[in-house]
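K.L.:
Sequence:
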Amino acid sequence: MEYIREARIYYKRLCNHHIPQRALDHLPPVRNLKDWQTEHPELFRKKVYDQSDLDS
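Residue numbers for the sequence shown follow full-length UniProt numbering, so the first one is 1 and each next one is one higher.
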């Protein structure tokens, strides 16, 4: 069961941070959300973090 849980977490992160979506102008969902937050900061309570880059 632990393997399934880890696979689900990995797949969710992969889809949300790395795979571009056609409906979002070929941007990953988190990148699109971050752009939206830049344009409309009053609609957000927390900062959106884009963790798709390499660790430094």
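Everything labelled a hint here was simulated from the structure, so no lab data went into it.
All of these numbers come straight from a predicted model, not from anything done at the bench.
Certain hints may be false.
Each computed BS3-like pair below joins lysine-lysine, with the alpha-carbon atoms no more than 27 Å apart [to be verified]:
(1) 46 to 12
(2) 34 to 12
(3) 47 to 34
(4) 12 to 47
(5) 34 to 46
K.L.:
Within a Cα-Cα threshold of 27 Å, do residue 46 and residue 12 meet the stated pairing?
P.N.:
Since the Cα atoms of residue 46 and residue 12 sit roughly 20 Å apart, the hinted pair holds (cutoff 27 Å).
K.L.:
Mind checking the alpha carbons of residue 12 and residue 47 for me, to see if they're no more than 27 Å apart?
P.N.:
At roughly 19 Å apart (the allowed maximum being 27 Å), residue 47 and residue 12 satisfy the hint.
K.L.:
Residue 47 and residue 34 were given as a pair; does the straight-line alpha-carbon distance stay at or below 27 Å?
P.N.:
The given pair, whose Cα atoms are some 8 Å apart, holds under the 27 Å limit.
K.L.:
Residue 34 and residue 12 were given as a pair; does the straight-line alpha-carbon distance stay at or below 27 Å?
P.N.:
Since the Cα atoms of residue 34 and residue 12 sit roughly 17 Å apart, the hinted pair holds (cutoff 27 Å).
K.L.:
Could you grab the alpha-carbon distance between residue 34 and residue 46 and see if it respects the 27 Å cut-off?
P.N.:
With a Cα-Cα distance of about 11 Å, the restraint between residue 34 and residue 46 holds, given a limit of 27 Å.
No hint from the list above goes unmet by this structure.
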